[in-house]
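Visitor: Okay, so the sequence shown: first residue is 1292 according to my numbering, each after it adds one.
I should point out that these hints are in silico values taken from the structure, not numbers from a laboratory. Hints are supplied without guarantee of correctness; some may be wrong.
[Stated by the list, open to error] FRET-style restraints, in silico, Cβ to Cβ:
no.: 1; residue 1: 1394; residue 2: 1830; range: 43 to 53 Å
no.: 2; residue 1: 1613; residue 2: 1404; range: 33 to 43 Å
no.: 3; residue 1: 1773; residue 2: 1847; range: 48 to 58 Å
no.: 4; residue 1: 1529; residue 2: 1644; range: 14 to 24 Å
Beta carbons are placed, not taken as given, at the ideal position from N, Cα and C, and that holds for glycine.
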Amino acid sequence: MDHAHAIASALAPLVLVLLFGVVAAMACRALRLSPIVGYLALGAAARASGVAAPDDPNFALLAELGVVFLLFDIGMHFSLRHVREQAGDIFGFGPVQVALAALALGLCASAFGLAPAPAFLLGATLALSSTAVVASLLAERRQQNCPVGLTSTAILIFQDIAAIFLLIVVDALAGEGAAMASQLAMAVVKAAAAFGVAFVLARMVVRPLFDVIARTDNAEVFTASGLLVALAAAWATGSIGLSLTLGAFLGGVIIAETPYRPIIQAETKPFHNLLLGFFFISVGMSLDLSSLRAEWPAILACAGAVVGVKIVTNALSGLIFRWSVPGSIQLGFLLAQGSEFAFVILSLPPMRAMIGARAASVVIAAVALSLALTPALARAGRTIAGRLRARVAARADAELAPREQAAPVLIVGMGRMGRTVADALSEFSIDYAAVERTQKTFADANADGYEVLFGDASDPRLWDPLDLRGRKVVVVTTPSLAISRELTPLAERAFPHVRRIVVAETFEERDAFLELGLYPVIDVSTPPGLDLAVEVLCELGIDRRKAMEWALAHEARAMPARGALVGAAA
């Protein structure tokens, strides 16, 4: 009985924090604020009320795991293909933006009495912007494929990489003088080696392991495997003297190099969101409200300086890369806030020792304020840019035109019909993504040269990892009428712009799909999928005559092979 009472007593603060965390997140959404702000406020209130203490080991562990899963999720977006497609912005625009902002903010910090090294390290930390807040804002406004959205995403990718090395640098600052220099050099060497090992493991170990796991057809195994990769990678880098977060990031990179990324991302997202919430709450608990009440002028001044300097330096970066003035201003306002990484870096003991606990608390509060201001700042940037574009409309046309980033077509099911559709799209140089839930079909399609992701597209948790928001057409080759009735209303609300084409086997099924708002096709072609492929091509703007010519040619190529099989059977 005493044991049960002890467990209940230990759980009580966690239960209360979870309860108020839900309330804080809902309140922030209603006020159009980032949930991060709500979590920080909740943590500060929990400390002030005595519900939880800043040094609570339970919260410390959960907070550390929150950062681990944040970096793991970021790593899963860091595929080599993505890097190649946006290499210019990632490794050109990104470094220039970070360098200009870090230099300017470092000079400001130095002017307030910080030594040069801590000042410029703080400047580099504040030069980073919030991946979570900006990405959600772009998705909400459907700007992911516009130039501002694509470039800001590329800059955020570089910033995420830079944040990893900032963490390495801060961890190495425990030494002094030559010892610190040698420790930092060794850390960089170890990090480079860890990156190399990660890419080797992705190809040689993790991919074959997940191939075996996929045969079990068990989602819980994927959940456990995703958690295993994240935590094992974090443990591995931690055991060689690097940060846990670097290992978590590399664990995500390992997953990104496999076709199992969507399902792992979907399975681990709840852990990522929940534990990251605990991290922000723990940061809020490190704030002393009584001290901050006395420091509010400094907090406002710091937030104003960070936002103002970053607007100017971000816009200047845009002008350096020959963006128009309106586009540069819009980008400057969008990336003007601080980053969630600032909370991570400023909570590290070496960093707090360098700049002082009081300054760290002021800067953390200022970054939180900048996050709260992000929607208003982004709106102001768009308004100013819009007014300037009205005067130079011809110059702005190229920047306002959306660019394709995600493949416009998602093929669900890569059996014979799915392959035929993929062949048609390839013939007309149209990019596509494909997803398959049956392990054998998935393995066969990959073996035959098709790039296919593994997962069940009828699971709404996979819709975000599959980037349905960025698609134009979704082709379902093996639809279920019952599942379609359940999911169509949800899909229509989430992705009203996406055309959903499905295969119907009978006229009655076709009519039922039509009533749901889907576009059904009865495919009677040989080989299967030609009728479906023609409709998909026409939906994408290909002339029907050209699509039919391709279908007839494809059918003619298939006929000799079919005849040979019949002759062999006879």
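Visitor: State for each hint whether it applies.
Guide: Each hint, compared with the structure:
no. : hint                    : verdict
1   : 1394 x 1830: 43 to 53 Å : holds (50 Å)
2   : 1613 x 1404: 33 to 43 Å : holds (38 Å)
3   : 1773 x 1847: 48 to 58 Å : violated (38 Å)
4   : 1529 x 1644: 14 to 24 Å : holds (21 Å)
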